[in-house]
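Can you make the complete structure from the sequences, with help from the hints?
For the sequence shown, UniProt numbering gives the first residue as 1, with consecutive numbering after it.
Just so you know, these hints were derived from the structure itself, not from any lab. One should not assume that every hint holds.
Stated by the list, open to error - Simulated pairs of lysine to aspartate or glutamate, EDC-like, Cα-Cα distance not exceeding 20 angstroms:
#1 K133 / D170
#2 K98 / D116
#3 K98 / D44
#4 K185 / E154
#5 K80 / E53
#6 K95 / D44
#7 K140 / D35
All values derive from a computational prediction rather than experimental measurement.
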Amino acid sequence: MVLLFIGVNCLFIERYWVRFQEYEFRSDKITKDFDGYKIAVVSDLHYGFLNPEFWIRWVIEGINSRNVDLIVGLGDYVKKRGTDTELLKVWPILKELKARDGAYFVNGNHDHWANDKLSLELLERSGRSVRNKNVVIQRKASRFILAGIGDFLEDRTDIDKALSGTFHKDFRIVLSHNPDASNTKHEEKVDLFLAGHTHGGQVRIPIFDFFTDFTRKRFQL
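In structure tokens, the structure reads:
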């Protein structure tokens, strides 16, 4: 009975307890033009049997209702391996994300496992890819850099390439699916590294905790 309750709770109850956690980040590089700037982070939606379309849309609507300045997608938008179907269905929904400065994306390992070539094609066709490249977010005379990298497990991870053409004086954000990518060798300074993949430490076995460097906390790199 206990196992049945745990199963029902995980599959049909707890996954609807979606919380929008807020964090405040400060830096001397952030000017007053960006004071109060809000970034929404969405990751690991895993569209599929357990997270169907209505659930994905419910999350998207919740994000849109917050009227943020920028939205970043950190990958694993689908669940199932070896199929195009979920990729082709989830990307039109992702394009419904609305923010003042738009939404930008990188892929995760599950996206590659579904279909490596198609996942990259859909990412680039979105017009909002920051895979191993960057965009400039401007406010009056101020700016910050939004960059991204390929998945740590299934793609090319190149932080220096992603930040090429930017300056150390810039406030630089790097998007990654896997937080372990932050430990890869790079010369360029990263001010804020945003990653998903760990599901916030969704399932952790204490005795094996040393396998996980990053979960739901904030770390200084």
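Verification of the supplied hints:
1. Annotation: proposed proximity of K133 to D170 holds, straight-line Cα distance about 15 angstroms (limit 20 angstroms).
2. Distance restraint check for K98 and D116: the Cα-Cα separation of roughly 27 angstroms exceeds the 20 angstroms cut-off, and the hinted pair is therefore not satisfied.
3. Between K98 and D44 the CA atoms are separated by roughly 18 angstroms; this keeps the pair inside 20 angstroms, and the hint holds.
4. In summary, the hint linking K185 to E154 is supported, as the alpha carbons are separated by about 17 angstroms, within the 20 angstroms threshold.
5. Distance hint between K80 and E53 is fulfilled; the C-alpha atoms sit about 14 angstroms from each other, no more than 20 angstroms.
6. Taking the CA atoms of K95 and D44, the gap is about 16 angstroms. The hint holds against a cut of 20 angstroms.
7. About 13 angstroms separates the Cα atoms of K140 and D35, which keeps this hinted pair within 20 angstroms; it holds.
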